[in-house]
Amino acid sequence: MQVAIVAAMPNPNMSLSLFKMARSARSAIFALAIICAAQYGHAQDTPLISGGVAFLHNTNGGNTSYQPIIEPLIAAPLGDHFLIESRAALLENFAPKGNGQSGYDHTHFAGLTYLQADYLALPHLTIVGGSFLLPFNTYNDRLSPVWISNFQDGPLIAALGTMSSGTGVGGMLRGSAISRRKYSVDYATWFSARSGNEQFNSKRSTGVRTSLYLPDSRLEIGLSYDRLLQGSGENFYGAHVWWEPKNTAFRLRSEFARGHHAQGYWIEADYRTQAFGGLNSWIGRFEPLFRMQQTFRRDTIVSDGLPLVNTQRADFGLDYNLPHNTRILTSYSRQFSSSGNTNIWETGIAYRFLFPAWKGKSQ
Amino acid sequence: MSQRNFLVALAICVLFIPPSAALQAQSQAGAKSTRQANKKQPTAMHNQQQHENEGERIFKQNCSRCHTAPEGFSPNISGTIVRHMRVRASLSQHDAQELLRFFNP
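These protein sequence lines map, in sequence, to chains Y and Z.
Counting from 1, position 106 in the first sequence corresponds to residue 106 in the working numbering; the numbering is continuous, with no gaps.
Counting from 1, position 29 in the second sequence corresponds to residue 29 in the working numbering; the numbering is continuous, with no gaps.
In short, the hints are calculated from the structure, not lab data.
Please note that a few of the clues may not be correct.
Partner residues are not named here, just some residues of chain Z that face chain Y (Cβ under 10 Å, in silico) [stated by the list, open to error]:
#: 1; residue: E56
#: 2; residue: F59
#: 3; residue: I77
#: 4; residue: L91
#: 5; residue: F102
Lysine-lysine pairs mimicking DSSO-like chemistry, simulated, CA-CA at most 27 Å apart [said to hold, decoys possible]:
#: 6; chain 1: Y; residue 1: K246; chain 2: Z; residue 2: K60
#: 7; chain 1: Y; residue 1: K182; chain 2: Y; residue 2: K97
#: 8; chain 1: Z; residue 1: K60; chain 2: Y; residue 2: K97
A short, non-exhaustive set of chain Y residues, derived as facing chain Z with CB atoms under 8 Å [what the hints assert, rightly or not]:
#: 9; residue: A75
#: 10; residue: E85
#: 11; residue: E92
#: 12; residue: P96
#: 13; residue: L120
#: 14; residue: L143
#: 15; residue: E198
#: 16; residue: H324
Here the structure is a predicted model, which means the values were calculated and not measured.
Yeah, the Cβ is synthetic: ideal placement off N, Cα and C, and Gly gets one too.
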């Protein structure tokens, strides 16, 4: 999602880039100042730095691009009830110059994806304030990090219900409503104000998501709803189903989303075999993937980021999970639509890092 | 006394009390303490096992649903990871505590 959003951004001029970088730096310094000012009561509560660094290659309809990207994440507990967390994205996009010219054009982007404060108010309630990822369906707030997603590209419907930027600026209540051995129910409800800030762009909106999880069958079913409270005032509806059969490394994930002008779905399956020495054998590290997705326009008004015409796409992937939190991602996709069929080839390598911000106290 | 200290004390008792009891086979008190120690050991072990199983279950059902587990991390950040996961995966306070016990048995 993040990659998709930034890739779609217009080429910024140098002064705007420097301005944005200065703002990013100020935000980062502010976050670090909060972290450094904090006192940590427990040895296990040292702030952490995590995230992913990746090098991605993409050839879409014959147009090739290369993208080194780093997505650092910082999480710092304050006292017994607070957590400050933030994720940023820094990337450079290189594409060969056209018209027979040699060399590459490049654009860059640096910005905060979110910056939020979490207050663990009650055993079943967390209050979130700041800039947060909108919890509509599952992709935006659960699968979008570069070190988590199986495919480089987000689903075609990822823009539905996420209000263009994917983030809200305001408040959110979330938590586990019920947690039993046989089932659990979680919820998230939020309100976002309109913000034109360069780093924290958002639209005035509100929404809710709830999910039921059945541990015995490893089945998750969820519903989402949100509403844009400015401009056209559109409603968005979503549903997701995840299934991971017990004692297998098979995962099936799916989402449906419906907006005022378009709707669509995706279904993704991935599998790792345990039959030849377990998941960490050289064969068990292979992860074949398949994703099917379709989008349908309900009218000709385009305001949601989905393709302009009905589109079908099949993605075939093969990832390899190397030791030391490194993954090789490869995929081939065929996209069908009345505006033309295209092939999309993607390869990349992603490394996930996770370490304390400093050494911390010994236990 | 913390649970860890208690388990260390219990382990020392388990290691040393049975030989002492054998040497004092005729001693009623020695036999009694041995019986108590043996009785406590399975209970404590059982409780610890239960916590580990519960924590492992929560880890598998919540964290692994979205991402593969990292290949180890510093114990200094286990509490921060759990707090982060509590927000991201909407864990209850009880589940977060069990997860922390699983990370720091």
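Here is what the structure says about each hint:
1. Because the beta carbon of E56 of chain Z sits about 12 Å from the nearest beta carbon in chain Y, more than 10 Å, this interface hint is broken.
2. The closest approach between the C-beta of F59 of chain Z and any C-beta of chain Y is roughly 12 Å, which is over the 10 Å cut-off, so the hint fails.
3. Look at I77 of chain Z: its Cβ gets to within about 4 Å of chain Y, closer than 10 Å, so that hint holds up.
4. Taking 10 Å as the C-beta cut-off, the interface hint given for L91 of chain Z holds, the closest approach to chain Y being about 6 Å.
5. For the restraint placing F102 of chain Z at the interface with chain Y, the shortest Cβ-Cβ distance is roughly 13 Å, beyond the 10 Å limit, so the hint is violated.
6. A distance of roughly 10 Å separates the Cα atoms of K246 of chain Y and K60 of chain Z; the hinted pair therefore holds under the 27 Å criterion.
7. With a C-alpha separation of about 57 Å, the suggested pairing of K182 of chain Y with K97 of chain Y is violated against the 27 Å cut-off.
8. A threshold of 27 Å between alpha carbons decides the hint, and for K60 of chain Z with K97 of chain Y the separation of about 47 Å lies outside it, so the pair is violated.
9. Evaluation of the A75 of chain Y hint against chain Z yields a held restraint, the C-beta minimum of about 5 Å falling below 8 Å.
10. Taking 8 Å as the C-beta contact cut-off toward chain Z, the hint placing E85 of chain Y at the interface holds, the least distance being around 6 Å.
11. Given the 8 Å rule on beta carbons, the hint for E92 of chain Y is violated: about 25 Å separates it from the nearest Cβ of chain Z.
12. A least Cβ separation of about 34 Å between P96 of chain Y and chain Z goes past the 8 Å threshold, and the interface hint is therefore violated.
13. Look at L120 of chain Y: its Cβ gets to within about 7 Å of chain Z, closer than 8 Å, so that hint holds up.
14. A distance limit of 8 Å between C-beta atoms decides the matter here; for L143 of chain Y the minimum to chain Z is near 7 Å, and the interface restraint holds.
15. Interface hint at E198 of chain Y: violated, since its Cβ lies 26 Å from the closest Cβ of chain Z, which is beyond the 8 Å cut-off.
16. Among the interface hints, the one on H324 of chain Y holds; its C-beta lies about 6 Å from the nearest C-beta in chain Z, closer than the 8 Å criterion.
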